[in-house]
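When you get a sec, could you build the whole thing from the sequences and use the hints?
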Amino acid sequence: MAKLTAQIEGIGLVGPGLEGWASSAAILEGRSPYIRQPTVVSVPEGLPPAERRRVGLVVKLALGVGLQAIAKAGVQPDTLPAVFASSGGDGQNCHEICLALANDERLISPTRFHNSVHNAAAGYWSIATRSKAASNALCAFDWSFAAGLLEAVTQVVVDQTRVLLVAYDAPYPQPLFAKRPISEAFGVAFVLAPLTAGSGNALGTVTLQLADATADRMSNPNLEDLRASIPAARALPLLQQLAAQKAGVINVEYFDGRSLAVEVEPCS
Amino acid sequence: MTELLLKEYTATNCVGHGRLETLDALRAQRGGLAPCSFEGAEIDTWTGEVRGVDDERLPASLRRFDCRNNRLAQLALRQDGFIDAVAQSAGRWGRRRVGVFLGTSTSGILQTELAYRHRDPTTGTLPADFDYAGSQNSFSVADFVRQALDLDGPTAVICSACSSSAKVFGSARRMMDADLIDAAVVGGVDSLCLTTLYGFHALQLTSKGPCRPFDATRDGISISEAAAFALLERVPNSLNANAVRLLGVGESSDAYHMSSPHPEGQGARTAMLAALETAGLEAGDIDYINLHGTGTPSNDTAESRAVAAVFGTAVGGSSTKGATGHALGAAGALEAVICSLAMQHDFAPGGINTRSLDPTLGIQYLVENRPGRVTRAMSNSFGFGGTNCSLLLGRAG
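For the record, the sequence lines run as chains X and Z. Per this note's numbering, the first sequence starts with residue 1, numbered consecutively. Per this note's numbering, the second sequence starts with residue 1, numbered consecutively.
Calculated directly from the structure, the hints in this document are not laboratory data. There's no promise every hint is true.
To give an idea of the interface, some chain Z residues facing chain X are shown, with a C-beta separation under 8 Å as derived from the structure [what the hints assert, rightly or not]: (1) 119; (2) 138; (3) 143; (4) 156; (5) 157; (6) 159; (7) 167; (8) 180.
Taking CB as the label site, the calculated pair distances span [said to hold, decoys possible]: (9) X:104 x Z:375: 49 to 59 Å; (10) X:105 x Z:60: 35 to 45 Å; (11) Z:375 x X:225: 55 to 65 Å; (12) Z:124 x X:43: 29 to 39 Å; (13) Z:216 x X:49: 32 to 42 Å.
Note that the structure is predicted; figures quoted are calculated from it, not measured. Using N, Cα and C, we set each Cβ at its ideal position, and we do this for glycine too.
Here it is in structure tokens:
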């Protein structure tokens, strides 16, 4: 069996009290304290003004971490295939549509409707970065990060191409929040490359295997709360391992009590 | 790319349950669209509703997945011996070595739409029996199908609007090439809901009658529902001549607009060329194109330009959406099944409802069934967000 190994060339990260990879790595390593604050999502570059007005927080979040990751990796987005993984996409937009449909008039705006597709972030990414490469939009409920990582690394290995992975989630408003309590907005992105890519600036390599281990948790209770309450934040133990630049295996939660075992090998 | 065998396949849509009824309708050029009467929607359009979805009962152990989308999934799985074929594969390879990759655009959102109508008048809370993970979440359909078929391989939903269930073939192909799995259940399930009916209506993209792809006076889509599945395995050493293989997959993005295709069909053209390239084939090797052909003025114009650029007028094509409607996230898998039926039964299906072909489009559009061997067929699926996927399928001999 071909080893499912890829280099990580760049990371983007935005979450509650986490702004960018450099400062977040210091927090995850324990060099800086973790102070939980509401997620700050900035307006991403590259979108034409009309599109910028139309996008919601979730798309800004996904584009923002994707742009961070490609900047860190120093790669151009225009020919970079991308995998977008999210449990629920734009929950606010979905709420507004269901609200409108529960009224007698049932009026939905065209923008609201085209923003409702799960691949909205992938579409806006393609527009913002002028990328005509293939993109995928995945969902696997709580296991969307593991499913996205598996899809992306498989693509890296089989098609011998760099791939951008973006995993992101944001809260639903009430009343859906009560049924699906995603606590905060959280996005993470990786630029993954074949071992042969030889860029020289990789942060480490990851090798994937399906396993049956219990998912690793965060020792910091605040960070563990994020991990457990946001599907995209299931990436946190892996991010911590990468920040610490230590070799080891991290088990990311997959369905039915299974796991995606990620063997991390630091480059330095 | 490594070719894959479609070991079994099935489709349930508004023209019928399973392969035989679908084939009969295609041969008779009979459509399944009717004036919209879904959930009190007051829209002047036609839809393609699958008969009997509401009669479908999920097993007690999977009751939490109960919603129109998963009922439709189960109805389709029960046709054509598909469940037995999957059980055989799971027995041979192990249930962990069979992946599940399904496409949907709206999953069980109808359940949420209904729940919002039944919010508690004082607190605004949703009804207690509303199960988010079992219905609304996009993963619901794959989780349901995986458990209904007792599989435990890698599972994901591809949710890229109307290209969803074409792109699942690409994911399965990669997982197979990476040797993570030995077989995969791929397909698409999308069911009628108010979000798509009112959403496409807001975009002024719904046809007032049954949709008329490539007609000079086409005026939009007919929204429908469908579920289609294929069981993929590696190609064995010997095959029946009429076995169907997946030969190529081409994917691209438009980088143009969220809900309009690139006017010259650039992304569509890239996807078709990529499918040919991955299959090591040329345009002249293709016998039939199942066009995306939604019946909107912009799609059919853009797609025609792309098809004309790649194939000229040498290869006949049609949109079968006049018969089946546009099953959105299930369209890719449904039309892959239609291509397979065409290849195994020696005819290229003509598009129906098209009365006066748009003379400006410049492609060879089939309005009548064309008898004769179809050795290789291409199927196009494009979606919101500028996502494009072309599949290339071929007979073994």
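- Earlier hints that do not hold, by number: The structure breaks none of the hints.
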